[in-house]
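Number of protein chains: 2
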Amino acid sequence: MFGFGRITALAAFVLLSAPLAVQADDLPSWNDGAAKQGIVDFVSAVTTAGGSDYVAPAERVAVFDNDGTLWSEQPMYVQLAFVLDRIKTLAPQHPEWKDTEPFKSVLAGDVAGIAASGEKGLVDLVGATHAGMSSEEFTKITSDWISTAKHPKTGKPYTEMVYQPMLELITYLKANGFEVFIVSGGGIEFMRPWTERVYGIPPQNVVGSSIKSKYEVQDGKPVITRLPEVDFVDDGPGKPVGIYTHIGRRPIAAFGNSDGDFQMLEWTTSRAGRSFGLIVHHDDGEREYAYDRQSHFGRLDKGLDEAGKRGWQIVSMKSDWKQVYPE
Amino acid sequence: MFGFGRITALAAFVLLSAPLAVQADDLPSWNDGAAKQGIVDFVSAVTTAGGSDYVAPAERVAVFDNDGTLWSEQPMYVQLAFVLDRIKTLAPQHPEWKDTEPFKSVLAGDVAGIAASGEKGLVDLVGATHAGMSSEEFTKITSDWISTAKHPKTGKPYTEMVYQPMLELITYLKANGFEVFIVSGGGIEFMRPWTERVYGIPPQNVVGSSIKSKYEVQDGKPVITRLPEVDFVDDGPGKPVGIYTHIGRRPIAAFGNSDGDFQMLEWTTSRAGRSFGLIVHHDDGEREYAYDRQSHFGRLDKGLDEAGKRGWQIVSMKSDWKQVYPE
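If you read the protein sequences in the order shown, they are chains A and B.
Note that the first sequence covers residues 1 to 327 in my numbering.
Note that the second sequence covers residues 1 to 327 in my numbering.
Any given hint could turn out to be false.
Because identical chains cannot be distinguished in the list, a pair is counted as satisfied if it fits within a single copy or across any two copies.
Stated by the list, open to error - As a list, the in silico DSBU-like pairs of lysine-lysine whose alpha-carbon atoms are at most 35 Å apart:
{"id": "1", "residue 1": "Lys-98", "residue 2": "Lys-140"}
{"id": "2", "residue 1": "Lys-221", "residue 2": "Lys-36"}
{"id": "3", "residue 1": "Lys-214", "residue 2": "Lys-140"}
{"id": "4", "residue 1": "Lys-174", "residue 2": "Lys-302"}
{"id": "5", "residue 1": "Lys-140", "residue 2": "Lys-302"}
{"id": "6", "residue 1": "Lys-309", "residue 2": "Lys-214"}
These are calculated hints, taken from the structure and not from any lab test.
Construct the complete structure from the given sequences, taking the supplied hints into account.
Below, the structure is given as structure tokens:
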């Protein structure tokens, strides 16, 4: 939270005697209302020693979806934009792609054609762009791309298309003794190179979908090679499994935005003690995008129907957030 | 490291002005010698700001094997003792086991017969003892077992058969800004219920072998069910892969004791910057066990041959350790 050298008796006094209302200022981009109050009430309840809802720091695990929860997923998932760019970059080395789906549709900018290639097409695209190189080469490829690629609507780097209120929420939870994880349907190694810099979440706290890899010594040099084979899909019912495998603890708070997060919220909020579930609802067509039940990316349907009876907090981006992106 | 309330100007002065020799006292169960000096020199080098070998805290990842590195693996892996006990407990519900291998050999205490059943036999045993229950049931089964089972030679609980010098080493690394992980060939969910209590390493920092699992809602209750199918074997060349998947960072220090740790040490110590590799050599037949090249469990052969040229530190339990187990 703060450097050792900055602790003085006076500062300690101020910190320890600060009333609860000041803590709510840790969320300055949130408008006052049920969503902000729900977050603050929950954190207060689980951190109040001696209270009936108290949770020891070691058990304060919070999980966040990434696409549509921490950053924008429209007009398409950022990782899909990476795949399309990468196919175009590699195309000169693959003349056969001009006549082979799904590459042909990608190169023609034919989104319907890509969609028509289905799951097999997606696996082929992932294989061509995410596999066949070493772990270090892939980290360099994604790092280079994310530092130069721009969002098609705003022209801003994707890493600036993150939600300021959610950044504040991550910081607020960490300041209250939570350990924060990303649990995303996105590729684990696509996220890890930049999550620490952008969200303050280190690689080991990122859970995601993955392909297989193998360790080998090539010409005396040890390498981890990425293989064109799906290992794990961290989406829907895969999210509680990813949490079990990577974290080994049931979260007490879960944050998502789509039906792909449904089971993660369900698993989290059905624990015995107090818990918290929150869904970011994209209802702000002016400052971001407005979509839910009919969207290709980040469809939210069942979650909208069931949030009420399950006690999950729905966040309206339009009315609950003062600001969407960092200044 | 210390509670907030205990920081005073005087204490801060004492802490900040402590000479290096005092830091070496963090390893009181280690005799003075090359092994202890190697550890202290490495930690000093990577934590000295402005030094040529300085490593930022976020990159200070240390990985420890478990069996034979942090606790005893003789006369058999502790997890194998669990499997054998569990088969005996479940046998009354499975009368067919009396005539079916590998169960027949287990019930007869015929170790050669178990070994003869090979890899298929092992998978059958794991399936019968580790799968077919919920994640929470398995946690309870292993927690109950580990709190009552005793080591056949010493009669002590297995969790007291941990190595005091290695506990000090974990604490010493954490105090110097390292994040410490277990990377074990053992089952990830067999270890997680007790590693925090025994080693101070929380579940999310435990990497191990795993079986598959699935999430489902049974009679309105969400459960994670453990399936009788191997998911990942975290041994040998699997260890760098497990590190890649779970941690997403290349370690700068690795600690093992057998050839199953060879690739983990190789991967760690072939990084560009300074690194450290250490092998615990079981040469103390009096206080523990003496075994290496010929052992069924924890065989150390290639590691002994190559440690010298690779710059890995060999620790003699007999001469480098003042004390083996906690008092």
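Against the structure, the hints come out as follows:
With identical chains, the CA atoms of Lys-98 and Lys-140 are at most 35 Å apart within one copy only, with a shortest distance of 27 Å there and 57 Å across copies. Taking the closest pair of Cα atoms, Lys-221 and Lys-36 come within 35 Å of each other only across two copies (29 Å); inside a single copy the shortest separation is 52 Å, beyond that limit. Taking CA atoms no more than 35 Å apart as the test, Lys-214 paired with Lys-140 passes in both settings, with 18 Å inside one copy and 34 Å between copies. Only within a single protomer do Lys-174 and Lys-302 lie at most 35 Å apart by alpha-carbon distance; the minimum there is 30 Å, versus 44 Å between protomers.
In this assembly of identical chains, Lys-140 and Lys-302 lie within 35 Å of each other by CA distance solely across copies; the values are 33 Å between and 38 Å within a copy. Taking the shortest Cα distances, Lys-309 and Lys-214 sit within 35 Å of each other only across copies (25 Å), while inside one copy they are farther apart (45 Å).
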